[in-house]
Amino acid sequence: MATRAPDRPTAVPRHRSERFGRQLAYRLDVKASPYAYVMPFLLVFCAFGLFPLVYTAWVSLHDWTLLSDVHKFVGLDNFAFLLGDDYFWNATFNTVSIGLVSTVPQLLLAIWLAHLLNRPLRAQTLFRVTLLLPNVTSVVAVVVIFSQLFGRDYGLINWVLSWFGVGAIDWNAGTASSHVAISTMIMWRWTGYNALIFLAAMQAVPRDLYEAATIDGASGFTQLRKITIPMIKPTIVFVVITSTIGAMQVVAEPLLFGTYSPTGGPDRQYQTLSLFIYENFAKLDFGYASAISWMMFVFIVIAAGVNYLLTRRSGGNLT
Amino acid sequence: MIPRLGSGKARTLTYLTLIAVVFFSALPLYYSVVVASRDNSALADVPPPLWPGGNFVANVEKVFDTVPFALALLNSVLVAGSIAIAVMFFSTLAGFAFAKLRFRGRNALLLITVATMMVPTQLGIIPLYLIMVKLEWTGSMYALIVPALVNAFGVFFMTQFLSRALPTELLEAGRVDGCTTWGLFWHVVLPVARPAAAVLGMLTFMSAWNDYFWPLIVLTPENPTVQVALSTLAAGYVSDYALSLTGTTLGTLPLVIVFALLGKQIIGGIMQGAVKG
Chain Z
1 MATRAPDRPT AVPRHRSERF GRQLAYRLDV KASPYAYVMP FLLVFCAFGL
51 FPLVYTAWVS LHDWTLLSDV HKFVGLDNFA FLLGDDYFWN ATFNTVSIGL
101 VSTVPQLLLA IWLAHLLNRP LRAQTLFRVT LLLPNVTSVV AVVVIFSQLF
151 GRDYGLINWV LSWFGVGAID WNAGTASSHV AISTMIMWRW TGYNALIFLA
201 AMQAVPRDLY EAATIDGASG FTQLRKITIP MIKPTIVFVV ITSTIGAMQV
251 VAEPLLFGTY SPTGGPDRQY QTLSLFIYEN FAKLDFGYAS AISWMMFVFI
301 VIAAGVNYLL TRRSGGNLT
Chain Y
1 MIPRLGSGKA RTLTYLTLIA VVFFSALPLY YSVVVASRDN SALADVPPPL
51 WPGGNFVANV EKVFDTVPFA LALLNSVLVA GSIAIAVMFF STLAGFAFAK
101 LRFRGRNALL LITVATMMVP TQLGIIPLYL IMVKLEWTGS MYALIVPALV
151 NAFGVFFMTQ FLSRALPTEL LEAGRVDGCT TWGLFWHVVL PVARPAAAVL
201 GMLTFMSAWN DYFWPLIVLT PENPTVQVAL STLAAGYVSD YALSLTGTTL
251 GTLPLVIVFA LLGKQIIGGI MQGAVKG
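Protein chains in written order, with the UniProt record's numbering: chain Z, 1 to 319; chain Y, 1 to 277.
What the hints contain is simulated information worked out from the structure, not anything from laboratory work. Each residue gets a CB set at the ideal place from its N, CA and C atoms; glycine is no exception. Heads up, a few of these hints could be off.
[Stated by the list, open to error] Some chain Y residues well away from chain Z (every beta-carbon gap over 12 Å; in silico): (1) Tyr31; (2) Ala58; (3) Val60; (4) Ala70; (5) Glu136; (6) Gly139; (7) Met141; (8) Ala152; (9) Thr181; (10) His187; (11) Pro191; (12) Val192; (13) Thr220; (14) Glu222; (15) Gln227.
[As the list claims (entries may be wrong)] Which residues of chain Y face chain Z? A few of them, derived with a C-beta cut under 8 Å, are: (16) Leu71; (17) Leu74; (18) Ala94; (19) Met118; (20) Pro147; (21) Phe153; (22) Val155; (23) Trp182; (24) Pro195; (25) Gly251; (26) Pro254; (27) Phe259; (28) Leu261; (29) Gly263; (30) Gln265; (31) Met271.
The shape of chain Y in the complex, shown without the other chains (with noise of 0.2 Å):
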């Protein structure tokens, strides 16, 4: 990797930068722990409290009390864990036929997919929340697993892996073989498609888990995801920071910890997305 750190100087400057962006990155997640382990009233302290304090549990169980948490959480996980799947499979069927089968139209569909990938949701908000009442998904986790099962970047990303790293004669070498297209599919793209796949779907649980505006709008606060229940929270108790910060805390873990462990395969994932043209 070029270009090469020139004087020592310039080293240290380097590193001293980069530690000073990890620390502000870092820094606001560690103060709402502080925040979330502290009771409201020692926020109006001077100097404000810097270091987590006792009181971390008592929070925890207020926020329970408070928001139906647990439910919340129950359904984060099912409709994030839902999309991932189906976005996984789905773009991984979509991708192969982009990449690797020929059909009339192919190209014509390819290009609209990238387009799409351009159009800002928000502009289709209303229609769907009407689309939403005609179906009487209002309040229902229907509502958001239903639309995001398959979308145009999982396609594209998929489109892109396959047509690079599944060699077209493992596909021939099935055919002769006697494999029909489905065969093909199951017993030789699968395999192949397994890294990305797993990148893909990660990155969807993600962006399922912090989605927020749409699961506020078509939702109630009696059924919400974590996001839903945590503005609930926000809202509600402007002036309890230690509880809304308690929720936060809750909500942003999971993600954290999952993240800590395969941040390194998420970071590739992005990466290789980005580089396309």
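Here chain Z stands alone, though its shape is the one from the complex (with noise of 0.2 Å):
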């Protein structure tokens, strides 16, 4: 342990004075050396994460704009305000549809990728590599291929499904086919990684579960559902809570599969909710927008908790 004994034999001070200075100095440096460690991080933290979010609370109950230097106080007038909005409910709309549309396949196929790989297989390494491949490509760089990909008159996926005769889908302006192109590209880029941490936790479960359910004669998809999904079941809790956070807030892809536009498409048929922030942000409406993100923040919370609850319900116990 750091506080051991002050006094250490290899050291023996001549005088009683110098030998409290070095006792100051050593209880010193123990003691409050710690803090100056943590520091840099803590002054980070307050200064651009708690500082930030306890603003942007402040910043809604006025009328504020970067336009002028009065920012007058409106009490939840934002707030009232928002809840009447349609554009607002639109939004939270998208973005429950593509949130569960891109969110729940991506977390299956990736619980049975990981299942796939976690047995002795040839090119262990490659597979794992070109799992991820798509994570390290970038946001902007995924919707700009797969804009191509969706494109109406040359893409690649209308030119696929024209053998299955499918006519030419004009991907960017149905909502229900915006929400399809979108949620492709958040599941291309992340069920990968998702599977890796799968695939972390599943091979920390006890292999002897396994021998003892093979000689039971249970098949692959039993010990998957039966040992394998309850054994991982935090890691399961911790991806789900993390995908919601991460769906709440969707952005570059609507913005961008919009050509630039804000509004998520002519009809708003992609908006998000951080879209919709972005939104009122480019308009400079930064109370309304500091409303929306915090009535986001509330959803998020919400929407944690039920993912919680459910995911730590279901599944059954290994009893």
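Two independent chains are provided; combine them into the complex using the hints.
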């Protein structure tokens, strides 16, 4: 332990005062220096993390634009207006829709892939590296590439679909089709990453459980359902919650898919909450944008809480 | 590694599935190289072009003519590089204190650190912008670097690693030899922390390189990072996919190369960081 007795046998000071000085320096070092080590983190966190969060609440109570130095206090007016704003509810619907369409299949696929990789395989490293390759690709690159793939006239996806007699789909125009396109981008980027996190958890599951199950004649799928999933439940809860938080924050995909338009398509068919914040930010209406931010925070807490309860309950126990 | 593959049929099926996954992971990247090496008009062909053409160099020149791409590359290297170094250093420092030193309020602070990892960053983006306006850092790389100097994930990652990998006896031996706490950090902690810090540095570099939303808000198109330049390229030249995908390829290539070389370590780091309970 770091708090050991101050007198050390190696250095015996000659005078009392010298000894006292050394003891003081030592005590100071042990007691105070830990604070110095965590200080850079705390400073950055307070200035650029905590303060902005609290300040958002303050700004949301004002009629606050960047154009004027006078910020009139309006109480909860921004929130009252928000609740009656159709654009806000539209953005909420789009966020939930894109969130579900992208997260649910993604996590199921990720668990299945991790299950497949959790065996002695050749080229294990190659599989893992390629799984993570999409995650190394930036959001901008992903959206630019997929916008091309989802192109109405010359896109690769419509070309493949035409083999099956499907007519050219205008992916960008419809609500459902644009949500599928954006969800595909999110899935492509994150499935492999989550599969690796599940795989890490699966490798910590004691192997004799599987041995016993194999002797009892349980199939691979039964083993996945009855052993693996209950055993990695803490990781599943963690991934579900981080994915929920991520899904609530989707912004770059719809922004770029709509070629930079903050409305998320001409009919706002894929404007997410974060994009709605950005739209009002770009209009310099900071008060309103802050109010939306806080509502989004409330939604995130609710969604994370609900997911926490759901994932903890489902899946049965190992008994 | 159990469970074992059962029959030969199951084994084949597993490999086929994984090969399909590899195919779909690599396909969009491959196709962007195809488009980037073509003339834009070739994209209207039926069937679409499926292999690279010879137009890449011409497209690259056009990218550099259209947006300040050299400056963007320089900015991105500067920003991602300095953030990665700072995060490695400050996270190891704080991680050492949280993992091995005793001080009042340690557990409370650690709890706050973990909690903040869950708080969405976008919530504070408006006040953060107001701060940058006050500091007159809008349009400058300071606005990207300073808020990112150290983060909760890095501190947590290093705390986890050091509490496991750094033997307390080693620190006690150092104390007996008359080391100050700073001396312990420098001579004992840093050498032990190096592998984990390297992984953290690579992860940080990648996410800083790919960061888009905050740079878009706070920077100008005249002094961009790579991602901001790419979005300018994509937004201004919607119809010219060859041009925007050339930019995408150029901006992604450095990371893909780094990743291909160090992928194994990076994956190890992600999987280590994942098992937190």
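For each hint, the structure was consulted:
no.: 1; hint: Tyr31; in the structure: violated (6 Å)
no.: 2; hint: Ala58; in the structure: holds (19 Å)
no.: 3; hint: Val60; in the structure: holds (16 Å)
no.: 4; hint: Ala70; in the structure: holds (18 Å)
no.: 5; hint: Glu136; in the structure: holds (14 Å)
no.: 6; hint: Gly139; in the structure: holds (15 Å)
no.: 7; hint: Met141; in the structure: holds (15 Å)
no.: 8; hint: Ala152; in the structure: violated (7 Å)
no.: 9; hint: Thr181; in the structure: violated (4 Å)
no.: 10; hint: His187; in the structure: holds (15 Å)
no.: 11; hint: Pro191; in the structure: holds (17 Å)
no.: 12; hint: Val192; in the structure: holds (16 Å)
no.: 13; hint: Thr220; in the structure: holds (14 Å)
no.: 14; hint: Glu222; in the structure: holds (17 Å)
no.: 15; hint: Gln227; in the structure: violated (5 Å)
no.: 16; hint: Leu71; in the structure: violated (17 Å)
no.: 17; hint: Leu74; in the structure: violated (17 Å)
no.: 18; hint: Ala94; in the structure: holds (4 Å)
no.: 19; hint: Met118; in the structure: holds (7 Å)
no.: 20; hint: Pro147; in the structure: holds (4 Å)
no.: 21; hint: Phe153; in the structure: violated (11 Å)
no.: 22; hint: Val155; in the structure: holds (5 Å)
no.: 23; hint: Trp182; in the structure: holds (7 Å)
no.: 24; hint: Pro195; in the structure: violated (17 Å)
no.: 25; hint: Gly251; in the structure: holds (6 Å)
no.: 26; hint: Pro254; in the structure: violated (10 Å)
no.: 27; hint: Phe259; in the structure: holds (5 Å)
no.: 28; hint: Leu261; in the structure: violated (10 Å)
no.: 29; hint: Gly263; in the structure: holds (4 Å)
no.: 30; hint: Gln265; in the structure: violated (11 Å)
no.: 31; hint: Met271; in the structure: holds (4 Å)
Of the numbered hints given earlier, the model fails hints 1, 8, 9, 15, 16, 17, 21, 24, 26, 28 and 30; all others are met.
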